[in-house]
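Residue numbers (UniProt numbering), protein chains in the order written: chain C, 1 to 400; chain B, 1 to 279.
These are computed hints drawn from the structure, not numbers from a lab.
Glycine residues also receive a C-beta, built at the ideal position from the N, C-alpha and C atoms.
Any given hint could turn out to be false.
[Said to hold, decoys possible] Some chain C residues flagged as far from chain B (calculated, every beta-carbon gap over 10 Å): (1) D22; (2) L25; (3) A28; (4) N90; (5) A104; (6) K154; (7) E270.
[Unchecked claim] Heads up, simulated DSSO-like pairs for lysine-lysine below, C-alpha to C-alpha not over 27 Å straight-line: (8) C:K227 <-> C:K114; (9) B:K105 <-> C:K12; (10) C:K114 <-> B:K105; (11) C:K154 <-> B:K186.
[Said to hold, decoys possible] Here chain C is said to cover these stretches of chain B; the calculated rule only asks that three of the stretch's residues, wherever they fall, bring their Cβ under 8 Å from a Cβ of chain C: (12) 74 to 81; (13) 178 to 185.
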Amino acid sequence: MADIVLDKVSKKYPDGTVAVRDVDLEIADGEFVILVGPSGCGKSTTLNMIAGLEDISSGELRIGGERVNDRAPRDRDIAMVFQSYALYPNMTVRENMGFPLKLAKLSRSEIDRKVEEAAKVLELTQLLDRRPANLSGGQRQRVAMGRAIVRNPKAFLMDEPLSNLDAKLRVQMRTVVSRLQKKLGTTTVYVTHDQTEAMTLGDRVVIMRGGAVQQVGAPQELYDHPKNLFVAGFIGSPSMNFLHAAVDGGRLRTALGDLPLGDRLRRTLEGADAPRELILGIRPEHFEDAELIDDAAREHGGEFEAPVDLVESMGSDKYVYFSLEGERASAAELDELAADAGAGDLPSSGSNLITRLSAESIVREGEPQRVWFNLDKIQLFDPSNGRNLTLEQPAAASVG
Amino acid sequence: MASLDTGAAAKWRWGLLDLVVVVFALVPVLWIASLSFKTTATLTDGNFIPREWTLDNYRTIFSTDQFVRALINSIGIALIATAIAVVLGTMAAYAIARLDFPGKKLLVGVSLLIAMFPQVSLVSPLFEIERKLGLFDTWPGLILPYITFALPLAIYTLSAFFKQIPWDLEKAAKMDGATQAEAFRKVIAPLAAPGVFTTAILVFIFCWNDFLFAISLTSTERSRTVPVALSFFTGASQFEDPTGAIAAAAVVITIPIILFVLFFQRRIVSGLTSGAVKG
Ligand SMILES: Nc1ncnc2c1ncn2[C@@H]1O[C@H](COP(=O)(O)OP(=O)(O)OP(=O)(O)O)[C@@H](O)[C@H]1O
Ligand SMILES: [Mg+2]
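Sequences and hints are given; from them, build the entire structure.
As structure tokens, then:
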């Protein structure tokens, strides 16, 4: 058990690629931290540096208070679960799980005892004498976890451990991982691509982009108070809607209509030397069918009407898609997010809007629909650097 | 031929086809074997099954020093050349599969070039060089060219094998507390073994069967190998037809190869790496 501290850690590969840039991160003893970000942002590199599989180019890594930059992986006492499982195919499950113990020169009886103990926790007892080739994906995954937990390491590192499983098994294994970590209380760093894993598993989430940390915080905090456009767009599914907005006197000109600047927004825009052109962000759940809104709510909201593009009924709610006329929001961060989502070149002139309306709402594709949205939940971003301009007040309030 | 054949009829058809292929390949071998058991008088009678069985031919070849000596030369030279070529090839292939170093493509290209070079054209220069260096008609005089020409083959097959090994396994072993050497010995080596054995078989067969270098770079029994010794066979007396003896010798020299293959084949367990990683 130990804490892990990354102090301005960077990684430059021999070919000149800077994969990780000045990462500062303090992971407390027993904490479950998730590294998340688009492909190629340096998550695996960061994890491999903690593991000792990659050299640290600059900065310092401390585990349990000791500098470990120059220690070999085996001297760091950390276990790792690989995306590919990396089970030894020539060994049985028992031998696979016992391998770290054998290398640590434990006695046979002790190895057997520990392996059987771990096998029981992971429900692998029946499979101990099989070889990896004869196991299902989920079972292989559990063996890989078993190999990590048998020797009681100071920390677990997991690099997308569930991404090779099918969707249903992934959900199941997610709870296994979560329960196991709670039970053992071992410091864990978990890399994932998957937002649901990021939101549900960890105590804290680290969002990375292009080798740099964008924001670190509890999942809810990142969701409610993203520091910048990238975090706002990355967290949440379906993701936040972004629209072009222009300040015009006391009003905000957007594809949703001209919106009054409330006290909150006005203060924001006065404070900093805010630009005239902004990006407005609003999450799908902050919309509602205008028919279903009571007067009190109507007070602090706006409304727009547009033809419905598409309706997806989820049972509990409805996702309703609109395409709005007007200028599109554009920023480097948004392009990157779109590329990561695989929707880089949507052939659309206007902006797409996703709203989540309650199940009772009656919407039909192709017909105009009146929709209410909550003005209090609007966030404004600076398109030039992606900074969240609306962050200051609510963040100060919640932190202070 | 609408779909893939299954069922009993198809089984028969495939079985028949296999039989034809096997017979086609084995008839010459069996013919030689049959000749080796015939007496001199019945050698040319054209019978597949000898009318009179005899072991005389075998007695003849083992009674001459010539053949036994050549057999020892062959075994020694082929084993040493195989061992060295496989060790060097393993190291080179490991580097090619694992590391990115400048000139990697060039190295692979050049080694393939060596394999493509017509060996006949190298015989006379090698002859001159070896005579100058005093390597002519010695074991090293054959071992060195064998290694040279076996290495490209070894490197090529081995690097193909190494590329299939999931290297995450090495990382996993290191995380589990292994040193670099332990990771190689306990995890990578067992997985690489089938590739190494396959290569060893191929290289051994290449060295064992070589005639060209063996006849040009040797002159006495000191280092003459069996394929060459065969061509010098004269039979028990100068006036006897050596066909029976040659046939017997030919049968004898296929035995080490069969043993070698059988010995290593058990180690070539295919699909050893399956189950290591998803896929
Ligand atoms: N050995 C290497 N040499 C040079 N560049 C590398 C090397 N390994 C990774 N990179 C680069 O470093 C960056 C970060 O890679 P990394 O594997 O850490 O990404 P990742 O966040 O784990 O991505 P993914 O989600 O796809 O696994 C990428 O741009 C990648 O191309
Ligand atoms: Mg990765």
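Output the indices of the hints that this structure fails to meet, ascending. Numbers 4, 5, 8, 10 and 12 - these are the hints that the structure violates, sorted from lowest upward.
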